[in-house]
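A.B. asks: Single-letter residue listing:
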Amino acid sequence: MTDSPNAREQRSGARLFCEALVSEGVDRIFGYPGGAVLHIYDELVNFKDSMTHVLARHEQGAVHMAEGYAKVTGRVGVALVTSGPGATNTVTGLANAYMDSTPLVVVSGQVPTHLIGTDGFQEIDIVGITRSCTKYNYLVRSAAEIPEIMREAFYLAASGRPGPVLVDIPKDLTAEKAVPALPDKLNIPGYEPNLFANAEALEKAVDKILAAKRPIFYVGGGVIHAGGTAELKALVETLSVPITITLMGLSCFPSAHPNCLGMLGMHGTYAANMAISEADLIIAIGVRFDDRVTGNLKTFAPNAEIIHVDIDESSIDKNVKAHISLVGNAKDVMQQMLDNLWATPTPAKERLAPWWETIEAWKAFAPLGYDHHPNIIKPQFLCEEISRLTGGEAIISTDVGQHQMWLAQYYKFKHPRYFLTSGGLGTMGYGLPAALGAAIAYPNRQVVAFVGDGGFQMTMQELATAVQYRANLKVVVMNNGFLGMVRQWQEVFYNHNYSEVDMQCQPDFVKLAESFGAVGLRAEHPSQLTAILEKGFATEGVVVLDIVVSKEENVYPMVPPGAGLKEMILG
Amino acid sequence: MTHHIKVEMVNRFGELARIVNLISGRGFNIEKLLIHTTDKPDISLAKLSLAGDRNKVDVLIKQINRQVRVTEARILNEDEVEKDFFFNSERSSE
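Each protein sequence line maps, in turn, to chains R and Z.
Residue numbering for the first sequence follows numbering that gives the first Met the number 0, beginning at 0 and increasing consecutively.
Residue numbering for the second sequence follows numbering that gives the first Met the number 0, beginning at 0 and increasing consecutively.
A few of these clues could be false.
Residues from chain R that keep clear of chain Z, each with C-beta distances beyond 10 Å, as calculated [as the list claims (entries may be wrong)]:
| # | residue |
| --- | --- |
| 1 | Ala180 |
| 2 | Ala200 |
| 3 | Ala233 |
| 4 | Ser313 |
| 5 | Trp355 |
| 6 | Phe536 |
| 7 | Ser549 |
Below, simulated DSS-like cross-link-like pairs (lysine-lysine); rule was C-alpha separation at most 25 Å, straight line [as the list claims (entries may be wrong)]:
| # | chain 1 | residue 1 | chain 2 | residue 2 |
| --- | --- | --- | --- | --- |
| 8 | R | Lys212 | R | Lys348 |
| 9 | Z | Lys55 | R | Lys297 |
| 10 | R | Lys534 | R | Lys413 |
| 11 | R | Lys184 | Z | Lys39 |
| 12 | Z | Lys61 | R | Lys320 |
| 13 | Z | Lys39 | R | Lys297 |
| 14 | R | Lys534 | R | Lys411 |
| 15 | R | Lys320 | R | Lys203 |
| 16 | Z | Lys61 | R | Lys203 |
| 17 | R | Lys348 | R | Lys362 |
| 18 | R | Lys212 | R | Lys297 |
| 19 | Z | Lys39 | R | Lys320 |
FYI, nobody ran anything at the bench for these hints, they're computed from the structure.
Computed from a predicted structure; not experimentally measured.
Beta carbons are placed, not taken as given, at the ideal position from N, Cα and C, and that holds for glycine.
Could you build all of it, start to finish, from the sequences and the hints given here?
C.D. replies: Shown next as structure tokens:
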């Protein structure tokens with residue numbers, strides 16, 4: 000901050016806003032200026048020592064950057080936009096963050112108070128529009144409210160089940176003078192996130208775990224949000240229980256760990272889907288039994304009892320009935336479980352030997368695999384090479400579709416918060432800006448955006464942002480010239496009737512990269528792939544790697560929509 | 000089946016909108032709705048009726064309870080509904 004704030008001195012709403020950001024420890028704002036936020040942008044210049052503003056090329060990009068920043072740091076991501084189209088352009092990002100429980104504070108300018116409701120220039124009721132895709136949202140009604148609302152917004156975004164909060168501030172209030180006032184304690188009746196599970200239910204859960212013959216952990220993004228990876232590893236290893244992970248949870252447990260069966264669900268591994276189907280006990284932690292995970296609910300885990308740990312009570316019994324529900328923070332509840340286990344003799348590994356024998360047989364029956372081609376780069380090979388060359392030490396993001404599933408299958412994850420993907424909403428165009436947010440948060444880490452040619456073209460203008468801020472960002476475009484996942488569904492379920500999935504006209508991604516001031520590289524033959532990836536990863540700055548892969552490859556295994564998990568098409 | 004629901008929330012603009020938005024977004028039609036302030040100055044009370052599958056309404060109630068400034072949401076029991084003038088009143092369309 001430029002000077003120490005005098006508590007009793009009047010200041011503008013814009014200044015109160017900037018001071019609030021500083022007091023929340025914000026160091027990066029991703030945004031795009033416009034008429035309704037001019038007073039704020041004018042004031043921001045005075046806070047350059049505390050906060051850096053990153054100028055996106057589109058408000059959707061700004062929000063995805065803030066998401067990427069939030070996911071890798073575990074802190075609240077901040078985006079700042081103007082009213083009207085600036086605000087509506089944030090909706091996809093807000094919805095994405097809402098579905099994937101990402102803590103965000105998005106601040107939009109609004110037309111001056113006296114113009115609200117008059118269809119003023121760039122006026123839109125963004126609070127109304129975003130009610131169903133924010134954890135909470137505010138329309139500010141006086142400058143004096145700004146400090147308290149901002150404090151609340153950050154608290155709500157980060158606590159409980161994290162999520163996005165929108166704060167809409169009319170322009171006149173950013174000029175209005177007020178004395179900063181904050182209550183000693185936030186008062187939010189009706190909001191009290193539960194950290195610890197009910198002790199009695201927890202004891203019952205532990206008894207069930209110790210008695211189960213075919214138990215399995217099914218864990219997801221909630222473990223990462225809670226910072227519970229150490230507790231999870233301790234539990235899995237103490238109990239010798241297998242573990243399967245959702246897309247959102249992938250980085251919370253090492254992929255190469257012997258207990259790890261990989262991802263489950265529509266494109267999950269054979270072993271994971273068989274194990275969850277045959278289990279007698281599912282210990283579900285920080286997951287929500289999404290339809291892409293469960294397949295047909297009627298045939299989902301027919302013989303299993305379910306222990307469901309989640310901080311969001313409304314996720315429990317929503318899709319699948321839990322036999323024991325433990326409402327609490329994944330990290331704290333797992334620690335409670337560990338404390339209980341240490342009080343009782345740990346189960347002998349031998350007890351689960353028959354279960355593990357069956358699982359090993361499933362693993363051997365249908366491991367992930369593909370056939371190499373002498374002249375065409377297979378996308379699975381590309382994912383394996385990215386995994387091998389980065390050693391699992393890169394922060395990696397994806398868009399949505401085939402490339403996302405192949406990466407989820409073939410990349411060996413090692414560290415939590417190193418994987419950014421749009422899971423719930425399935426947002427094409429997320430990968431590049433999210434990776435850029437991560438690269439800006441951690442300039443010294445290797446960051447890779449792994450995107451398809453379709454998704455890349457939705458937000459590729461953010462290459463300009465990446466170059467402007469000298470990000471160390473590698474963009475690997477898995478280029479098959481198709482909207483691949485839609486094409487796959489049309490092939491498998493619509494009798495090869497390809498309808499509007501052929502991206503016949505593509506830019507030359509190498510020249511495109513160069514026109515942005517980035518480096519462009521291309522590999523078209525398997526013999527070039529490793530060298531091009533190595534060269535790209537070793538080059539400083541922004542590099543776009545156009546990797547031309549086989550056009551009509553399918554992601555397998557695949558559970559057809561509406562089918563049970565055991566009805567996998569293995570390819 | 001029709002369910003009669005009570006929702007207690009902070010008396011503040013936009014709170015009812017969040018709840019109505021949530022309900023309508025899931026395809027439930029609100030058949031009756033009453034909202035008023037209470038003797039607690041910062042709390043409003045809404046009563047509403049809607050038809051739907053009990054399991055789905057149970058999930059809906061949890062999602063209403065998840066709303067930041069909702070202090071209580073639940074399905075009222077038969078006794079409570081019987082004693083409540085609002086739920087037993089009829090209104091003509093004129």
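A.B. asks: Indicate, hint by hint, whether the structure satisfies it.
C.D. replies: Now the hints, each set against the structure:
{"no.": "1", "hint": "Ala180", "verdict": "holds, 18 Å"}
{"no.": "2", "hint": "Ala200", "verdict": "holds, 17 Å"}
{"no.": "3", "hint": "Ala233", "verdict": "holds, 30 Å"}
{"no.": "4", "hint": "Ser313", "verdict": "violated, 4 Å"}
{"no.": "5", "hint": "Trp355", "verdict": "holds, 36 Å"}
{"no.": "6", "hint": "Phe536", "verdict": "holds, 43 Å"}
{"no.": "7", "hint": "Ser549", "verdict": "holds, 41 Å"}
{"no.": "8", "hint": "R/Lys212 with R/Lys348", "verdict": "holds, 11 Å"}
{"no.": "9", "hint": "Z/Lys55 with R/Lys297", "verdict": "holds, 16 Å"}
{"no.": "10", "hint": "R/Lys534 with R/Lys413", "verdict": "holds, 23 Å"}
{"no.": "11", "hint": "R/Lys184 with Z/Lys39", "verdict": "holds, 20 Å"}
{"no.": "12", "hint": "Z/Lys61 with R/Lys320", "verdict": "holds, 14 Å"}
{"no.": "13", "hint": "Z/Lys39 with R/Lys297", "verdict": "violated, 46 Å"}
{"no.": "14", "hint": "R/Lys534 with R/Lys411", "verdict": "holds, 21 Å"}
{"no.": "15", "hint": "R/Lys320 with R/Lys203", "verdict": "holds, 17 Å"}
{"no.": "16", "hint": "Z/Lys61 with R/Lys203", "verdict": "holds, 24 Å"}
{"no.": "17", "hint": "R/Lys348 with R/Lys362", "verdict": "holds, 19 Å"}
{"no.": "18", "hint": "R/Lys212 with R/Lys297", "verdict": "holds, 23 Å"}
{"no.": "19", "hint": "Z/Lys39 with R/Lys320", "verdict": "violated, 36 Å"}
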